[in-house]
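Peer 1: What follows is the residue order along each chain.
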Amino acid sequence: MLDMEILSLTNVKYSYTSQTEVNEALKGVSFSVCEGEFVTILGKNGSGKSTLAKTLNGLIIPQEGEVRVYGVSTREADEDSKSHGTLLYDIRSKVGMVFQNPDNQMVAGVVEDDIAFGPENLGVEREEIERRIDWSLEAVGMAGYRKADPSRLSGGQKQRIAIAGALALNPRILVLDESTAMLDPMGRSEIMELLLRLNREEGITIILVTHYMEEALMSSRVIVMEDGRVRLDGVPREVFADREVLSRYSLSLPPILAIQDMLCEKGISLPISYDVDTLADHIVEVVGKRTVSRVDMPSATYTKTPIVDMKGVSFAYMPKTPFETKALKNINLTVRDGELLGIIGHTGSGKSTLIQHFNGLIKVQEGEMSVCGYPLHVKKPEYRALRREVGMVFQYPEHQLFAETVYEDVAFGPRNLAVPTQEIETRVREAIEMVGLDYDAIKDRSPFELSGGQKRRVAIAGVIAMRPRMLILDEPTAGLDPAGKRDILSLVLKLHQKCSPTIIIISHNMDEVADITDRIAVLKDGVVEAVDTVSAIFGDRDLVQRCRLELPMASRVALALKDRGLDIGYMPVRKSALTDTLVSICGGGL
Amino acid sequence: MRQNVTFGQYYPTGSIIHRLDPRLKILLSVAMIVEVFLIQTYVGFAILGAYLLLTILLSKIPLTTLLKTVRGVLFLVLFTAICNLFLYNPVDAGNEYTWWIFRVSDASIDYAVRMALRLVMLVMSASMLTLVTTPIELTDGIESLLSPLKVFKFPTHDLALIMSIALRFVPTLMDETDKIMMAQKSRGADFESGGLISRAKALVPILIPLLVSAFRRAEELAEAMDSRCYNTTTARTRRKVFRIGYADVIAIMSNALLLLLIISANVIF
Numbered sequence: 001m002l003d004m005e006i007l008s009l010t011n012v013k014y015s016y017t018s019q020t021e022v023n024e025a026l027k028g029v030s031f032s033v034c035e036g037e038f039v040t041i042l043g044k045n046g047s048g049k050s051t052l053a054k055t056l057n058g059l060i061i062p063q064e065g066e067v068r069v070y071g072v073s074t075r076e077a078d079e080d081s082k083s084h085g086t087l088l089y090d091i092r093s094k095v096g097m098v099f100q101n102p103d104n105q106m107v108a109g110v111v112e113d114d115i116a117f118g119p120e121n122l123g124v125e126r127e128e129i130e131r132r133i134d135w136s137l138e139a140v141g142m143a144g145y146r147k148a149d150p151s152r153l154s155g156g157q158k159q160r161i162a163i164a165g166a167l168a169l170n171p172r173i174l175v176l177d178e179s180t181a182m183l184d185p186m187g188r189s190e191i192m193e194l195l196l197r198l199n200r201e202e203g204i205t206i207i208l209v210t211h212y213m214e215e216a217l218m219s220s221r222v223i224v225m226e227d228g229r230v231r232l233d234g235v236p237r238e239v240f241a242d243r244e245v246l247s248r249y250s251l252s253l254p255p256i257l258a259i260q261d262m263l264c265e266k267g268i269s270l271p272i273s274y275d276v277d278t279l280a281d282h283i284v285e286v287v288g289k290r291t292v293s294r295v296d297m298p299s300a301t302y303t304k305t306p307i308v309d310m311k312g313v314s315f316a317y318m319p320k321t322p323f324e325t326k327a328l329k330n331i332n333l334t335v336r337d338g339e340l341l342g343i344i345g346h347t348g349s350g351k352s353t354l355i356q357h358f359n360g361l362i363k364v365q366e367g368e369m370s371v372c373g374y375p376l377h378v379k380k381p382e383y384r385a386l387r388r389e390v391g392m393v394f395q396y397p398e399h400q401l402f403a404e405t406v407y408e409d410v411a412f413g414p415r416n417l418a419v420p421t422q423e424i425e426t427r428v429r430e431a432i433e434m435v436g437l438d439y440d441a442i443k444d445r446s447p448f449e450l451s452g453g454q455k456r457r458v459a460i461a462g463v464i465a466m467r468p469r470m471l472i473l474d475e476p477t478a479g480l481d482p483a484g485k486r487d488i489l490s491l492v493l494k495l496h497q498k499c500s501p502t503i504i505i506i507s508h509n510m511d512e513v514a515d516i517t518d519r520i521a522v523l524k525d526g527v528v529e530a531v532d533t534v535s536a537i538f539g540d541r542d543l544v545q546r547c548r549l550e551l552p553m554a555s556r557v558a559l560a561l562k563d564r565g566l567d568i569g570y571m572p573v574r575k576s577a578l579t580d581t582l583v584s585i586c587g588g589g590l
Numbered sequence: 591m592r593q594n595v596t597f598g599q600y601y602p603t604g605s606i607i608h609r610l611d612p613r614l615k616i617l618l619s620v621a622m623i624v625e626v627f628l629i630q631t632y633v634g635f636a637i638l639g640a641y642l643l644l645t646i647l648l649s650k651i652p653l654t655t656l657l658k659t660v661r662g663v664l665f666l667v668l669f670t671a672i673c674n675l676f677l678y679n680p681v682d683a684g685n686e687y688t689w690w691i692f693r694v695s696d697a698s699i700d701y702a703v704r705m706a707l708r709l710v711m712l713v714m715s716a717s718m719l720t721l722v723t724t725p726i727e728l729t730d731g732i733e734s735l736l737s738p739l740k741v742f743k744f745p746t747h748d749l750a751l752i753m754s755i756a757l758r759f760v761p762t763l764m765d766e767t768d769k770i771m772m773a774q775k776s777r778g779a780d781f782e783s784g785g786l787i788s789r790a791k792a793l794v795p796i797l798i799p800l801l802v803s804a805f806r807r808a809e810e811l812a813e814a815m816d817s818r819c820y821n822t823t824t825a826r827t828r829r830k831v832f833r834i835g836y837a838d839v840i841a842i843m844s845n846a847l848l849l850l851l852i853i854s855a856n857v858i859f
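Protein chains in written order, with the working numbering: chain U, 1 to 590; chain B, 591 to 859.
Because the hints were derived from the structure by calculation, they are not lab data. Everything numeric in this text was worked out from a predicted model, so none of it was measured. The C-beta atom is built at its ideal place from N, Cα and C for all residues, glycine as well. Check before you lean on any hint, since a few could be wrong.
[Unchecked claim] Restricting the straight-line Cα-Cα distance to at most 27 Å, the calculated cross-link-like pairs of lysine-lysine (BS3-like) are: (1) U:K320 x U:K380; (2) B:K791 x B:K769; (3) U:K455 x B:K769; (4) U:K82 x B:K743; (5) B:K740 x B:K830; (6) B:K791 x U:K443; (7) U:K379 x B:K830; (8) U:K363 x U:K380; (9) U:K494 x U:K443; (10) U:K320 x U:K266; (11) B:K830 x U:K363; (12) U:K443 x B:K769; (13) B:K740 x U:K82; (14) U:K524 x U:K320; (15) U:K304 x U:K289; (16) U:K524 x B:K769; (17) U:K320 x B:K769; (18) U:K326 x B:K658; (19) B:K830 x U:K326; (20) U:K311 x U:K443; (21) U:K320 x B:K650; (22) U:K27 x U:K329; (23) U:K147 x B:K743; (24) U:K380 x B:K830; (25) U:K485 x U:K266; (26) U:K266 x U:K304; (27) B:K791 x U:K455; (28) U:K498 x U:K443; (29) U:K320 x B:K658; (30) U:K363 x B:K769; (31) B:K791 x U:K363.
[To be verified] Derived coverage of chain U by chain B (criterion: at least 3 residues anywhere in the stretch with Cβ under 8 Å from a Cβ of chain B; other residues may be distant): (32) 48-61; (33) 116-126; (34) 579-587.
[Said to hold, decoys possible] Here are the in silico distance ranges between beta carbons for each label pair: (35) B:T655 x U:S451: 15 to 25 Å; (36) B:V663 x U:Y16: 48 to 58 Å; (37) B:F744 x U:N23: 36 to 46 Å; (38) B:T603 x U:K498: 49 to 59 Å.
Model the full structure from these sequences, guided by the hints.
Peer 2: Have a look at this one:
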């Protein structure tokens, strides 16, 4: 492959202007991309990544500097389009663009119509369009879905359709702006596999904007943005080698590197490895092969009183119609008072339906259940009283903010509970401070002008202000950058200690679940497959395979070690547990 | 979360009626509506009723489903019938029956019954169209039927695109509304009790997030459409071609026969 420069940016500057302020998003970005590269762009929220992505196909024309695609400047192309030229459409068909939210980039209610949208716009011949639909569906592995309704597909499938829609324009470059952010792990790995294949087999240049460090490890080049500038640019291994720089730009280490760092701190230094097998090889070299007698993990202590008790609960949407879908089947589940329970399972496994039963958003159709002492299978359950006790933070809770000021929004819940006025202020202050925001600075601001992470905290504060006994969080870290994720997770632990003793958290990130929860319930196709301690769940190979669970990194390393004859006696799920054990084995042997 | 909401009332059975050309289904429904108004005799009603029944049987849609759509307008039907019963008063009205201040005649009974039959058949014909045709097919059909208007620079494709996008986002926005409502309910909001004003006020926490989200979605969609070369300069390809099949021809002929029978019934009886 020739190192042909197909995309070049020289000193690109762009700022957004509103009535009140000028926000410089790009402050002089220069780099170029050669044919066949796989580039990931990293950087925390607000670093200018998305703006950068939009300059690449002329959605945004830089105010200063130049973006050239195959030698053509986007500015010239834009001016050309004003005089009815087609240069801009040439650029847009060469640079395919896929966005974050799969729902917001589909125009048609049938897959094939949606894919045809691009070529139709360009006036491509009818037979050629049909060929391109076939080819692009084939390329994204969705050949059987030509007539499907996109709104019924999974997130990963929708995103593949969106990629097919871009491919139908025969692009040479594919730009993906956080296209994996809203997907579950399975959807994400589907997309990554697809991108790697398109890159390798079709020679399409990929530019992927992401928060996932694991994805960056798979690419051939990493660009780190901060404050509207390119801070680092190199192959992933070089970029991740400089730990200090990483933390300066609020990036997190990929879990596999984090484990090596922890080992290093504890005195076991190994040559750096980027995949589980190599790492396991290195560890076995140092620690040696041995079998450690079974270690019994101390189990967490809780009161035995159940706070949620479900017996034989089943639920179907649109029952007794042709559209009937069974969401829950014969659920038996007990949540203990004071525990931090994780719920995992793939999209569509019934997690959301299940938690909506917990505060009576869904009426029990079949079976018996009680929450906080309120029976819910009776004719008229006491929903209002129940909702005082059970707080619920939905996915992307910031999408439910509505009031003029942060104070008013947080006060909404307590007001509905008829909390006396004097007490409301105390509660609002307490809740806002609890989520780590400055009460006096933020209370009179509009929630809509805050940053993404701040909005999410305000939304969580709105639930905390109701002082629930039990708190349910549906994927609280979804869509945040690494720093935002860390903050929310430590917030959850803090809430567990200080506010609401019982917490139920839904998460797709196994490392996250392993790090903070005591017990996990695994859902699959509306059935609770298992409820047990974290290490028992991930230690059950059969269950892991049957439910296609992703393992936390520590467990994956432990399994690889076992295969190589180093059995550490239990299934570690937290990185700290694995590294501690390895250090103690090593210390005992020496 | 997804409740498999289907917009409209499409009832999938995959029958021969479902598979007819959507343009034809639209035209035939219009024809049936015209025929309903052409009918003057009870024999005519019987013929059209039989035709409707045959269509329903062929479409494999349960009769009860169709009757449910009639139930929705039952009040209207009864109201019109009762009004006609007492108020229709032609010169030659036949036998008259009086009770207290009410007075009906043979003619007004006859008129009321016809009116009720007409309305019921009208609703059934229109419902049949939406039961056997998906909203997407309807959009395509309407676009194709309107295409002659292009001569007058009427933007038929843009119109169809608007309809298609609107249909595409109905389930998305319904899901969103559902989610926001549940979130605010979880925060103790009450949408069911209180007077008119407090209920209207209770909608604010739903409407504002919904509007914000609709605008965000619209903006993102616009960028996605731009990225896929949406423009008004180049001539777009028209990808959909409809082909008339045997079943379509039979449907046209049967409807022509129906029209003929109804007119002859009018003349003979």
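Peer 1: Does each hint fit the structure? Answer for all of them.
Peer 2: Structure-based check of all given hints:
Taking the CA atoms of K320 (chain U) and K380 (chain U), the gap is near 23 Å; set against the 27 Å cutoff, the hint holds. Between K791 (chain B) and K769 (chain B), the direct Cα distance comes to roughly 19 Å. Compliance with the 27 Å bound is thereby established for this hinted pair. Distance restraint check for K455 (chain U) and K769 (chain B): the Cα-Cα separation of roughly 17 Å lies within the 27 Å cut-off, and the hinted pair is therefore satisfied. Proposed proximity of K82 (chain U) and K743 (chain B) is supported: the alpha carbons are some 21 Å apart, at most 27 Å.
With a C-alpha separation of about 16 Å, the suggested pair K740 (chain B) and K830 (chain B) falls inside the 27 Å cut-off, and the hint holds. For the given pair, K791 (chain B) sits about 22 Å from K443 (chain U) by alpha-carbon distance, which is consistent with the 27 Å threshold. For the hint pairing K379 (chain U) with K830 (chain B), the CA-to-CA distance comes to about 52 Å; that exceeds 27 Å, so the pair is violated. The straight-line distance between the Cα atoms of K363 (chain U) and K380 (chain U) is roughly 10 Å, inside the 27 Å bound, and the hint therefore holds.
Pair hint K494 (chain U) plus K443 (chain U) holds up; C-alpha atoms about 22 Å apart against a cutoff of 27 Å. A hinted pair counts as satisfied when its Cα atoms are at most 27 Å apart, and K320 (chain U) with K266 (chain U) does not qualify at roughly 61 Å. For the hint pairing K830 (chain B) with K363 (chain U), the CA-to-CA distance comes to about 45 Å; that exceeds 27 Å, so the pair is violated. Distance restraint check for K443 (chain U) and K769 (chain B): the Cα-Cα separation of roughly 26 Å lies within the 27 Å cut-off, and the hinted pair is therefore satisfied.
Restraint check for K740 (chain B) and K82 (chain U): satisfied, since their Cα atoms lie roughly 24 Å apart, inside the 27 Å limit. Restraint check for K524 (chain U) and K320 (chain U): the C-alpha separation of about 23 Å stays at or below 27 Å, so the hint holds. For the proposed pair K304 (chain U) and K289 (chain U), the alpha carbon gap of about 41 Å is over 27 Å, so the pair is violated. Of the pairs offered as hints, the one joining K524 (chain U) and K769 (chain B) holds, with about 22 Å between alpha carbons and a cut-off of 27 Å not exceeded.
At roughly 23 Å between alpha-carbon atoms, K320 (chain U) and K769 (chain B) fall within 27 Å of each other, so this suggested pair holds. A hinted pair counts as satisfied when its Cα atoms are at most 27 Å apart, and K326 (chain U) with K658 (chain B) qualifies at roughly 25 Å. At most 27 Å may separate the alpha-carbon atoms for a hinted pair to count; K830 (chain B) and K326 (chain U) exceed this at roughly 36 Å. With a CA separation close to 44 Å, the supplied pair K311 (chain U) and K443 (chain U) exceeds the 27 Å bound.
A C-alpha spacing of about 17 Å is found between K320 (chain U) and K650 (chain B), which places the hinted pair at or below 27 Å, so the restraint holds. Note on K27 (chain U) and K329 (chain U): the hinted pairing is violated, with a Cα-Cα distance of about 55 Å set against a maximum of 27 Å. Restraint check for K147 (chain U) and K743 (chain B): not satisfied, since their Cα atoms lie roughly 31 Å apart, outside the 27 Å limit. Restraint check for K380 (chain U) and K830 (chain B): the C-alpha separation of about 53 Å exceeds 27 Å, so the hint is violated.
With a C-alpha separation of about 26 Å, the suggested pairing of K485 (chain U) with K266 (chain U) holds against the 27 Å cut-off. Between K266 (chain U) and K304 (chain U), the direct Cα distance comes to roughly 37 Å. Violation of the 27 Å bound is thereby established for this hinted pair. With a C-alpha separation of about 23 Å, the suggested pair K791 (chain B) and K455 (chain U) falls inside the 27 Å cut-off, and the hint holds. Proximity of K498 (chain U) to K443 (chain U) is assessed by CA-CA distance (about 22 Å); at most 27 Å being required, the pair is judged to hold.
The hinted pair formed by K320 (chain U) and K658 (chain B) meets the criterion: a straight-line CA distance of about 15 Å does not exceed 27 Å. For the given pair, K363 (chain U) sits about 16 Å from K769 (chain B) by alpha-carbon distance, which is consistent with the 27 Å threshold. Taking the CA atoms of K791 (chain B) and K363 (chain U), the gap is about 25 Å. The hint holds against a cut of 27 Å. For the stretch 48-61 of chain U, the proposed coverage by chain B is satisfied: 3 residues have a C-beta within less than 8 Å of a C-beta in that chain, meeting the threshold of three.
Counting residues of the stretch 116-126 of chain U whose CB falls under 8 Å from any CB of chain B gives 11; the rule of at least 3 is met. Check on the stretch 579-587 of chain U: 0 of its residues sit with their Cβ under 8 Å from a Cβ of chain B, so the three-residue criterion for coverage is violated. About 51 Å separates the C-beta atoms of T655 (chain B) and S451 (chain U), a value inconsistent with the hinted range of 15 to 25 Å. At about 52 Å, the beta-carbon gap between V663 (chain B) and Y16 (chain U) stays in the expected band of 48 to 58 Å.
Between F744 (chain B) and N23 (chain U) the Cβ separation comes to about 42 Å, which falls inside the hinted range of 36 to 46 Å. For the pair T603 (chain B) and K498 (chain U), the beta carbons lie near 58 Å from each other, so the given range of 49 to 59 Å is met.
The structure is inconsistent with the numbered hints 7, 10, 11, 15, 19, 20, 22, 23, 24, 26, 34, 35, although it conforms to all the rest.
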